[in-house]
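Asker: These protein sequence lines are chains L and F, in that order.
Every letter in the first sequence is one number past the one before it in my numbering, and letter 291, counting from 1, is 291.
Every letter in the second sequence is one number past the one before it in my numbering, and letter 34, counting from 1, is 34.
To be clear, the hints were calculated from the coordinates, so they are not data collected in a lab.
The beta-carbon is built from N, C-alpha and C at its ideal position, and this holds for glycine as well.
Just to be clear, a hint being listed does not mean it is correct.
[Stated by the list, open to error] Dumping the calculated DSS-like pairs for lysine-lysine here, alpha-carbon to alpha-carbon at most 30 Å:
id : chain 1 : residue 1 : chain 2 : residue 2
1  : F       : LYS176    : F       : LYS444
2  : F       : LYS386    : F       : LYS176
3  : F       : LYS444    : L       : LYS839
4  : F       : LYS140    : F       : LYS169
5  : L       : LYS504    : F       : LYS444
6  : F       : LYS236    : F       : LYS176
[What the hints assert, rightly or not] Quick list of the computed label-pair ranges, beta carbon to beta carbon:
id : chain 1 : residue 1 : chain 2 : residue 2 : range
7  : L       : GLY157    : F       : ARG202    : 25 to 35 Å
8  : F       : ARG420    : L       : ALA7      : 23 to 33 Å
9  : L       : MET497    : F       : ALA425    : 15 to 25 Å
10 : L       : ASP684    : F       : ALA375    : 55 to 65 Å
11 : L       : MET497    : F       : ARG420    : 30 to 40 Å
12 : L       : ALA7      : F       : GLY201    : 37 to 47 Å
13 : F       : ARG439    : L       : GLU801    : 49 to 59 Å
14 : F       : VAL339    : L       : GLU440    : 28 to 38 Å
15 : L       : GLU801    : F       : VAL308    : 23 to 33 Å
16 : L       : GLU801    : F       : ASP120    : 47 to 57 Å
17 : F       : ALA375    : L       : LEU21     : 22 to 32 Å
18 : L       : PRO622    : F       : ILE537    : 38 to 48 Å
[Claimed, not checked] Stretch-level coverage of chain F by chain L, calculated; a stretch enters the list once three of its residues show a Cβ under 8 Å from a Cβ in chain L:
id : stretch
19 : 313-326
20 : 496-505
21 : 510-523
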Amino acid sequence: MDRVSGAVIRSGGALVILAVLGICVFLALVVLPLFRGAELGPPNSFTLPAPPAGEAWLHAEINEHSRLGLALAADGVLSVFAAADGAELQRDDLIPEPGLRAVSFSQDSGTGAVAMGLDDGTLLLGVLRFAEEFFADDGIPAEAAGLQVGSAAPFRGGVIERVTPERARWSRLQIEMRPPVPTGGPAPVTLVDYRISQTGEVLAYLKGSLQLVISEVITSENLLTGEITAELSENPVPFEPDPRGPPARLSIPARGDQLLLAWDDGTLRRYDLRRKSAAALVETADLAPGATRLTALEYLIGDQALLVGRDDGTVSVWFRVENEPGAVGAPADGFHLVAARELQPQSAAIVAIAASQRNKTIATAAADGSVWARHNTSARVLAAAQTGGPARLLQIAPKGDGVLAATDRGDAVLWPLRNPHPETTIGTILGATWYEAYPEPMHTWQSSSGTDDFEPKLGLVPLIFGTLKATLYAMLFSVPIALLAAIYTSEFMSRRMRAIVKPKIEMMASLPSVVLGFLAALVLAPWVENWVLAVLTVFLTVPLAIVLGAYFWLFLPTRLAARFGGWHKLLVIGTVFALATWSAFPLGGLIERTFFAGDFRAWLAPPHPGSGTPMWWMILFPIALIAVVGVNHFLLAPRRSHAARGEREAARELAKGALFLVAAAVLALIAAQILTWAGADPRDAFLGTYVQRNSLIVGFAMGFAVIPIIYTVTEDALSSVPDHLRGAALGCGATPWQTAARVVVPVAASGIFSAIMIGFGRAVGETMIVVMAAGNTPIIDVSPFNGLRSLSATIAVELPEAAVEGTLYRMLFLAALTLFLITFFVNTLAEVVRQRFRKRAFEL
Amino acid sequence: MSERRRTSLAARGEPLVWLLGAGQVLASVMILGLLAFILVRGFATFWPKPIERVELADDRVFLGEVAREETFRPMREEGSAEAPAAQHRRLLRTGNYDLYGDDFKWISEGEVARTERTADAVLIERLEWGPFIGFVEEFKSGGRVIAATREEAWRLYEERHATARATWKEVRSLEKGPLGAIFHEINALRLELRRVELAHGREAAEFAAAAARVAAEQARLLGESLAIGERISALKEEMRKDALVLSEVGGARIELPLYAVVRAFRPNRLSLGGRLGVYFARWGEFLTDEPRESNTEGGVFPAIFGTVLMTLIMALLVTPFGVIAALYLREYAQQGFIVSAVRVAVNNLAGVPSIVFGVFGLGFFCYLVGGGIDALFYPEYAPSPKFGTQGLIWASLTLALLALPVVIVATEEALAAVPRSLREAAYACGASKWQMIRRVVLPKAMPGIMTGVILAMARGAGEVAPLMITGVVKLAPELPVSGEFPYVHLERSIMHLGFHIYDLGFQSRNAEAAKPMVFTTTLLLICVIVMMNIVVISVRSRLKRKLSSDFF
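Chain F on its own, in the form it takes in the complex (with noise of 0.2 Å):
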């Protein structure tokens, strides 16, 4: 003990030895910290907050749910010497945009009379204009007033909703499977009758045919078409026919057809199981839907699957590429300067931005390699581009071979780690160099490569920056998968949850409205990575402990 004092403190070093532990708490923290925020944010977004009614000095009245507090500072006012003290203030959801304007309001503590919870107050999810938030006055049917209280109302409201809302959907889908068909399959006929045209000339007998053929085809359709739009009119007749009549906390009213109602409940009688129904209702929307308003709500169903899909088409593009090219490097190249200088360069092209990445997709695979498919296979389809524009398959090439020098390097240590005795051995056993590498190296490395393709797919699944540039876009009318030839259309652009997060967070019309969502995509997208990451982690201990037992 003795010996242990005699060193001086200042040998210790304990004061920097401390600001290497802040160096490390800060990195912790911040991770930490991070992904707890996000947590947060994004499990508390769905669940349903009371309805607040704020009576306020001078005599002005909102109704809404209170989005956050915050305390803050405001600016100081011209030529005032004093700064103005720190205040607090709420934000107030009070929805109904088409009344007001506007979705949201600032409220300062000091303004503030009377807040009271109203029990009446109902929250309602509607096809447009996003949410309202007053009172369900009464029920009409047919145009008639049947049910003039608000109790009455209600009860009819949740007796005759969930038909509506059948009903409509009905015609949604009917509007987009058969009528979307139909309208898909005329325009295949027009481009079909084109390519006769280009191949063989508006003069010609194949011409002449074929233009009958179109037409008579197109005839039957437009009949068909005729059909479906009868039974869609019927259809929307009645779904019309309910609605019901809104009024806001100043009085003024509206009425809203039934099957507009997503859904609708009143926050402040909810017990606890209801509020559980509503936030679990509202996840599966949000998982399972598409988009409204311009992304701000419903689902991002299409940004899911365009980005598996995506990120898996990725993954079936990188894997044989990428081990191919580390086969080589490792096992058939002459290793010298050259083959060092390579792997140098492979090595870097990882550090090479994404973005870079981005522009050499969009200037090569889009406009080169998509405008020279077009000129060859899809004459028909000019001026406008079929492959010669922006889309999955370039989205996945790029995001391919921004992920190669992942996979080559993951796949190259994982062939180096492959002992030398086992080579030796199938050698032995007279085997070729080729059923050496198939039987005994490969398999061997196999988790080693299956590591480097999940981690080109988790930095795959979370590039924004050359998606944008290459494929990616706001709002995809449809998705790449879908029930005519091909099937899977690879030319389509699709969404993405990265992009889905920059695009709503940065240009749409209120992005305070959009902030919840943001919150969830976020956390959507997060989860999918760290699942992805997990998956690697584990897979590379699981390796390891394999490879430490199995050494001849």
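Pulled out of the complex, with its shape left as it was, chain L reads as follows (with noise of 0.2 Å):
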């Protein structure tokens, strides 16, 4: 019995610490992966279907499953293949007329609309998509009856996949060609731009190397045969030819907003299309600085960016950004383009680049045959792989799990791509990141959007910023007050007194923390919103009170004084405060009208009426008080200790705080007046508009989780100070303050150290409370009057939502390791000091 029940114990007692210890690993081990780079497969080469003879391949893709394929030639030819082995299924003929070539084309990866500018002027618009049909059951058809799940056979000019034992999945192209249209004229489409959106397509093409025209697609049907013609309605451009030739490159967004022209030498002419009939020349940039060319150009998915290659193996990211207000010779319609990031190059030129459709990851492919997959947010190459030849045809599967390069030759490899997380890396989480559209690089947190374009921002910066101003918030407010308390009780507090107080203030501790949230934010925030200088003059009302009363309370003779040194006392300091609070209604209203322009919220906002010289003066007159103090203390009269003659001494006492009082608002005044004549305005600085949940209700919210927890345990480092060292003061002669002062708090002051240390961990740790009570803006501004989000917050809102084993899942198992570990950081100092303390104090 004896050795079983020792052995369950043993054993039991270590598993749970083991358990307990390993909170911090799992959380590890579920953000290890953000950090890892993507993986492509073994490779499944194949040949491509023989193009047409004299012909090669324009553009090859695979459909979303990567089991079919196809493949398109100049003369119209277009191929539909298994992408196993390459084996064509189908072949067909997309140019109706024969003779006829293509001299132009485009391919938009997203929507799959084909645009081909033929050689007698007209142009061939359609759609080339792949579909895709289930059967279930009984109706699985006999091709696929004997497939084994996850195998595929080709199936009606497409490929037939069982899926599951009981569903089977045919894929198939879906071809949706409009007979050609004209264009005005003879003269060849030599390039084009086709793009379809929800809002509807647009076109736009260079016709011969005169005429830029972009137009809107217009559909229409017959009613009575149901055949659909379409029509352009053009707009033409106003196109200057350039010297150095006709351009190589014509894009534009799918949005339909902006037209870009590029030539090989890296020229790029941005025309503004905002408004179809005024469309104009906006700004012309050079992509490929130097003696550089320009060999690949494509928009990133979202039509923000521009992924540009060049001919030295380099590959850059640009994006336009609004211009800065009074910029000179900017661009008219507002923007310009930057060179955002320069891609870690590749060893030969670039031939050709691919866009993710699911994410901001990109394919390039070298003249040297190397292709590289990356990631535009975190700049990093994922993976790289290596083809026979440069790989002219490029795409990342549609789901982003694959790669297809294609040499001319037709030799085709196909890569599967293992990609979780590739927009990660410490630089991105930590560092600042420029992202698409953004001015500059900024920290932000911004993980998710309704559109699937988005570009997550996933700096953890601004979040981390957002925990330390809560904390420090929390800790400004509560520190002063819960070690003022704290001394007070255990110095200046009769036992029963103690008893009776301490247990009260104990109990605060264990108010739920979503109580103080939504008091906070549904009953505080919106009154203090009324009356936020009210609330802000308490903080020089109160003190001020409260130390004039101690010095009428010197008037009391002695006697009475010590009589009344309990309850009464703490009733009479109680009345002081509330006569305090409540008088600073009446004067924090005059102020306000007074020096805040009659409204503190107006005058925190943009246009910034009146002057910030009050504004300084609040901020400066207690630290010029603690100056006038301290200099006073330490240099105009030391240790001074001559005998003193009741109320005399206590008027002159009192004359002195007065002048003290006096001198510390004249050279508050003097330093106030002095930074606004240097130009500083602390609206400026650091005090931005008012939000109804600020940092301020935070604060104070928080106090109430805070305050006592510091208060007990410096309580219980008070109170562990032995008596005889009190005993030994008093006896010196030294007053009951003095005792305190020097002799009881130095003693304790590693478990004061401590107790603020647990206290910050609780505050850092804190999670409803600014939930409720913050505004949850991730920004980082120092401003009391604003929100924030922290952390906790971050975690408790999003990761109910996040997609298990998603990069925003990762990222929120990272903020909570981080938390984890700041707060194992700061219990373990303040425990190692609390256990030195209590070792001294056991000396003593």
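Put the two chains together into one complex; each comes in its own frame, and the hints tell you how they fit.
Answerer: Written out as structure tokens, the structure reads:
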């Protein structure tokens, strides 16, 4: 029995402790995959179906299950093949008239929109789209009946695959080509781009080397025959031919709001198309500086960022950012292009760039046959592979799970791509990252949005900042109160009073934080919003009134003062406190009317009425007061200890106090005025617009959670200072105040430090108060009147919605791990300090 | 005396002592003020308030109860130099959301022309659309008006309301009870079949046998459900017969079936007894009923039940593990650097934010352990998870982990407090180590361990952040305890008082309408936690007395 129970307890205990410590390990294990690159699986090499004699494939792509592919040649021949082995399944000819060829070609990988400019001057528009159909149970055709789950066979021009024992999926190509539309004249279209979006179709083309046209495609259906005819509404764009010859590339985003023309030497012209009838050239840029030549140009998903490939193997990312206000010579449409990022160069000229339709992953192929998978946001190379020659036909599979690269000769390679977390590196998480359309690299957290082409912004810095900001304001509020209260309880209260007061304050610790958050957000925040200045005034009036009250208390004969030392004194202090608080309301109103243009919130808001001096004064006054008192204490009257004479001494003390106040006020005013003259305004420097749920509210509400902890630990530390030290001090003639300030508190200093650290740990991880009362805005801003968002609040709000094992899920685990490590470190520090303190107190 | 006077006044440090005192006062006022605020607001919520008819200067008329009054300062208008003066205004709860599209109306003091208390005004708490405030004009039965005056209609309402409600409750209990059970059974049969299919394949003889049996069972159950359905429709027919014709203050009329009236009263005519009756009836509904109107009305019984059950399961889980770990640390492990390092680590875990435990609970318990259980034992549920998602057991486990350090520390302290002499006496009597622990140390340490466990429960009951990740939902369709096997459904999501507060205050359609409920829920939660704390404090003081007196 004894041995069994011993074994159970030993193994059980060790297990429990291991499990507890395993939390950290588990969190780290979930986080780790974030930093792993992508993997290209074993390549599947095959040969594309042979192109027609004398032609090469212009374009090749595979479908979302990587089962079916298509290849297209300039003479209109379209080949559908099985992506497993390249076996041709079907061959069509898209160009109805024999003998015609495509001079120009464009394909939009998101929608499958295809445009071909034919050499008779017409345009062939249409959509090549992969479609699929499912067969279940008895409906499974005979071709698929004998298939194993996961294998596929040719079927009616496409491929059929057994997905589960009950279901089969037939993938095929849907060809929806319209009859060729004339473009006004026999000159062939030399460059074309055709895009389809939810709002409509846009088309831009260059005819010969003279005419640049954008047009919207208007389709109409013949009611009798059901035949659909397309017409172009053409808007010429003023195009000045360039001495270098015709441009090599033309590109429009699916939004159709701008048009890019690029030459091989890197010159780029950007036209503003927001008003189709008044399109205008707004910007010229050089995408390939020096002698380098532009060899590839592709939009990233979302059509914001441009990927530029050059003949020296470099790849860079460009996008539009807003002009700075008042910038001279900036493009007229309010934006200008910037080279945001230079990606790691490949060793030979870039021949093709492909963008993923799922995220910001890209693939680049170089002339030496190397194919790299990269990511735009994180700028990292995810994986690299090698083909036999320059892979001009390059595609990232529609689901982002494969890369297809094919050479002119038709040698194709398909790599499966495992690419779960391309966007996260230490750099993007902790560094400033230049996101699309942002004016500069920034620390940003914005994890999700409604659209697919959204670029997740996963910088933890704003959240860490928010956490520390909330903690700072909470500590600013609660540390003084908790320490003052603890010292009073321990040193100036009788044992009986202590037994009543201490449990009350400790009870505060058991208030659920959800209650505090709710009260702070729904009761306190709207109320404070009405009375901001009164609340700020309280911070001045209460300490002043308390100190003033103390001076008047000095007029009390010592005998009376001693008799009323207990509850009565506390009651008097409470009354003074209440009076001071109450007086802050009319006073705050007066200050607001006199100094803050009548409305503090309006004073904070952008037009910035009035001057910044009063605010500077409010901030500087306490500092000046401390300085004045300090100067007096340490320089003018060091350790003055002459005999005192009752009331007269009290009156002198009072006069001195008043003098200090006036001196501090004048000093602060002078300093404030100097700051204002120097052009500093607190509203520019660190105070923003007033937000209802702000850091001030959070700090106050968190005070309820933090004060009792600091209070309890501090009080314990103070009470464990041995009584013989107090006795010795008092015996030497020290007053209780001197005993407390010069003997007890210094001895207990390390205990007090650990109390503050424990309070810090609690504030860092506080969740519900921040979720409810902080406004949840992930911004980096020190203003106490602005909101914040902490690590813990982000976890609580976003984790229930995050896809399991997705990037956001792991990022939130990283946030949790960060919190764990911060608090673990702080608490360990506190614990070590406290143990040392205990040992010291024991030795004394 | 003269001796005392000779000390410098500066040495007495009076101003600084006063600052210390002010800190003390503020800390005490904060806690007492907060508790008082919650008590007042929480207890006042259900008190029936008089209904006021407010005529404005522009001839608009409103009828409603005054929810609260305040002094506010409007934002300054664009371009005006003078800031507007503070104004007094009241928030009138006008109800009738279906008619007005809003529950509340702010009325500034300056606009009011006349205020009066109309005697006939009625407040009706309805099943849908929140309260109705207006007048009862007629009483209809079977589509025919049988009472055409306000008095007559009210008398008939009082006469027939109880019966209509009883019928409605019967319908509800039929739908939830027998009918619900049948649907559960049908679903269980479907899963059973799927299980057979996964085990043997569709072509197997077992599958054919099971399919036949399941089909027969399902046919029988469907027959039963049809019978109950008929009974329900008969009852519904009957309960739809009686209706009230109501008019709001502007004159618009609506018809309200009698069964949809939860409670109706004329606040301006109520005696003190009547008021008390309404007050306690509302408390009764709050404590025992289910929520309505996306939680803003009705009761919070599922949340109370969920909170208590989760906390109990947590205590059941945490106690043995915590005690075993503490016994190991204190009695069995070799005291040395490693053990004290472990002790520091365990201590510090108490300071790790609860949300971190929540994240761990979701990743480890819900997805890893729960997903594993699903894959091993419940493949027939796929693709929808049974254990592999948020649920009661995972929330309890997470809380248990969170509370483990509390219990370990408390138990260790209790173990350390058992005097050495007792142990030595036990050994001297020939007891083995385990016997000594079992018979001497543990009983002696029991009150301390209990304190730790209750402290852990109090902390657990108030936690929200880790729960909203691991198993607490806004509205749980079913309680985790039911009449169906295995009676306690550990995998179900639960409701929780703390999360209820968050959800009501921040996620509901109308935060203002939900506010009273938030205050009462808060009051309830605080009561539960304060009660647990009082138990702890009394146990602790008794323990101290016992230990100091029981010394050898």
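Asker: All hints, please: hold or fail.
Answerer: Tested hints:
| no. | hint | result |
| --- | --- | --- |
| 1 | LYS176/F to LYS444/F | violated, 49 Å |
| 2 | LYS386/F to LYS176/F | holds, 22 Å |
| 3 | LYS444/F to LYS839/L | holds, 28 Å |
| 4 | LYS140/F to LYS169/F | holds, 21 Å |
| 5 | LYS504/L to LYS444/F | holds, 29 Å |
| 6 | LYS236/F to LYS176/F | holds, 15 Å |
| 7 | GLY157/L to ARG202/F: 25 to 35 Å | holds, 31 Å |
| 8 | ARG420/F to ALA7/L: 23 to 33 Å | holds, 25 Å |
| 9 | MET497/L to ALA425/F: 15 to 25 Å | violated, 40 Å |
| 10 | ASP684/L to ALA375/F: 55 to 65 Å | holds, 59 Å |
| 11 | MET497/L to ARG420/F: 30 to 40 Å | holds, 35 Å |
| 12 | ALA7/L to GLY201/F: 37 to 47 Å | holds, 45 Å |
| 13 | ARG439/F to GLU801/L: 49 to 59 Å | holds, 53 Å |
| 14 | VAL339/F to GLU440/L: 28 to 38 Å | violated, 53 Å |
| 15 | GLU801/L to VAL308/F: 23 to 33 Å | holds, 29 Å |
| 16 | GLU801/L to ASP120/F: 47 to 57 Å | holds, 50 Å |
| 17 | ALA375/F to LEU21/L: 22 to 32 Å | holds, 27 Å |
| 18 | PRO622/L to ILE537/F: 38 to 48 Å | holds, 39 Å |
| 19 | 313-326 | holds (count 5) |
| 20 | 496-505 | holds (count 5) |
| 21 | 510-523 | holds (count 4) |
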